[in-house]
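Assemble the whole structure, with the sequences as input and the hints as a guide.
Number of protein chains: 2
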Amino acid sequence: MAERPRRKQLADQVAEELQERVLKGEWKPGEKLPTEFDLIEDLNVGRGTVREAVKILVTRNVLEIRRGNGTYVVENPGQVEDPFGFAFYGDKWKLAEDLCEVRLLLEPDIAALAAARATREEVDYILTCCEAVEQAIHSGQSHSAADMEFHGAIAAASHNHVMASMAPVIQKSVSAFIEVTNSSLTEMTIQTHRQVADAIARHDAEAAGAAMREHLVNNRDHIVTVSRGASFV
Amino acid sequence: MAERPRRKQLADQVAEELQERVLKGEWKPGEKLPTEFDLIEDLNVGRGTVREAVKILVTRNVLEIRRGNGTYVVENPGQVEDPFGFAFYGDKWKLAEDLCEVRLLLEPDIAALAAARATREEVDYILTCCEAVEQAIHSGQSHSAADMEFHGAIAAASHNHVMASMAPVIQKSVSAFIEVTNSSLTEMTIQTHRQVADAIARHDAEAAGAAMREHLVNNRDHIVTVSRGASFV
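Line by line, the protein sequences give chains L and X. With numbering that gives the first Met the number 0 as the guide, the letters of the first sequence map in order to residues 0 to 232. With numbering that gives the first Met the number 0 as the guide, the letters of the second sequence map in order to residues 0 to 232.
Please keep in mind that the hints were generated in silico from the structure rather than gathered at the bench. Accuracy of the hints is not assured; some may be wrong.
Which copy is meant is left open, because identical chains are indistinguishable; a pair holds if it fits in one copy or across any two.
Claimed, not checked - Straight-line C-alpha distance at most 35 Å; calculated DSBU-like pairs for lysine-lysine:
(1) Lys91 x Lys171
(2) Lys27 x Lys93
(3) Lys91 x Lys23
(4) Lys91 x Lys31
(5) Lys31 x Lys93
(6) Lys91 x Lys27
(7) Lys171 x Lys31
(8) Lys54 x Lys91
(9) Lys54 x Lys31
(10) Lys93 x Lys23
(11) Lys27 x Lys54
(12) Lys54 x Lys171
The structure is reproduced here in structure tokens:
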């Protein structure tokens with residue numbers, strides 16, 4: 000037991016060293032790390048230390064272990080599921096309102112930027128996502144995942160990395176509050192999504208921003224209506 | 000060694016259980032947890048498992064260990080230093096430009112909301128922060144920390160939790176690119192900060208937004224100028 004603190008410290012140091020190599024681009028996102036055996040040789044530490052260091056970087060979302068395959072750098076190193084700790088907020092409906100407010104500030108501008116900057120491939124993908132949402136709704140299935148993909152594709156087409164990282168965090172948090180089976184809401188979603196997608200396709204920034212604003216105002220009003228009558232668990 | 004995987008799993012379960020209690024508000028932000036001895040009794044697991052579970056939640060920024068004092072829930076559970084993994088971005092100047100763009104979308108609106116919603120105490124604190132920045136500049140010291148506090152105080156006065164969580168992450172990331180010793184920039188900072196603070200104090204949302212926009216445009220132009228001649232390490 001006397002050895003444990005020292006090994007913990009060593010594992011932290013090795014984790015820093017490995018992270019440094021990812022930061023420097025020595026190992027790129029999606030790339031496979033050398034074998035455990037090679038890392039032990041290279042870093043001149045024991046197997047337990049290497050394993051603990053890898054575990055630390057898994058917790059930090061830098062590395063991932065694929066069973067029977069090896070250790071890889073994740074696609075978006077350092078990004079975490081709930082980076083702002085929204086899960087820890089006490090008042091869930093206040094959180095929902097705050098999220099709607101932030102979306103209304105950000106996403107119309109993101110849609111406008113996407114209209115200005117989207118490549119032809121990006122436009123095609125946004126239109127494909129738009130159709131996927133419609134199909135999910137018409138088949139009576141949840142369209143949450145398709146909806147996230149649609150908004151994420153627009154954020155990516157803004158060509159702003161920060162926006163493309165931030166927007167999904169907000170979108171995902173809001174989606175917990177949207178009752179996707181509400182039929183008047185889904186009708187509106189189909190219509191405003193289509194307006195947003197078409198405006199981006201013809202590179203009309205004003206129209207894309209305006210349509211996105213309308214879409215989000217509808218969503219917000221739905222959440223506010225539900226929050227009046229419901230208790231959130 | 001055969002016992003290790005099982006203990007790891009158990010520690011993960013105990014970590015989930017402890018986190019659940021924080022989520023439910025049983026232990027609030029800033030509050031002290033029961034002693035290790037009491038947790039062992041309560042959870043019916045060994046000391047090693049409790050310690051490992053606590054360590055997991057320290058890594059997740061839910062708990063912190065204060066030496067010789069005990070284990071506490073952190074003030075902002077679940078929030079991490081660099082939640083979007085900006086440190087891992089390859090092109091630092093492109094990142095700087097993206098950050099400036101996002102700030103320009105968000106912060107004028109945040110300033111306008113603060114002007115509409117700030118309490119008297121919040122206005123006083125914003126004015127105090129404004130003076131602290133001026134004093135730091137006049138004494139020839141770095142005003143980075145004071146600047147962060149000023150912008151953070153405005154985000155808090157927006158009364159939007161999401162905004163107050165997100166804005167500092169952006170601000171902190173941008174600050175790495177601002178050369179604080181540039182004298183024309185510090186002159187401008189003093190002037191536009193003062194305009195923002197005064198507009199918030201008289202609850203003039205339009206003026207607060209406009210002054211913040213001017214401030215951030217100046218910052219952006221400075222960063223773009225520097226990026227043309229410099230290489231970022």
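A quick look at each hint next to the structure:
| no. | hint | in the structure |
| --- | --- | --- |
| 1 | Lys91 x Lys171 | both (14 Å within a copy, 27 Å between copies) |
| 2 | Lys27 x Lys93 | between (40 Å within a copy, 18 Å between copies) |
| 3 | Lys91 x Lys23 | between (40 Å within a copy, 12 Å between copies) |
| 4 | Lys91 x Lys31 | between (40 Å within a copy, 24 Å between copies) |
| 5 | Lys31 x Lys93 | between (43 Å within a copy, 26 Å between copies) |
| 6 | Lys91 x Lys27 | between (38 Å within a copy, 16 Å between copies) |
| 7 | Lys171 x Lys31 | both (29 Å within a copy, 32 Å between copies) |
| 8 | Lys54 x Lys91 | both (32 Å within a copy, 28 Å between copies) |
| 9 | Lys54 x Lys31 | both (15 Å within a copy, 27 Å between copies) |
| 10 | Lys93 x Lys23 | between (41 Å within a copy, 16 Å between copies) |
| 11 | Lys27 x Lys54 | both (18 Å within a copy, 28 Å between copies) |
| 12 | Lys54 x Lys171 | both (26 Å within a copy, 28 Å between copies) |
The structure fails none of the hints (numbered hints given earlier).
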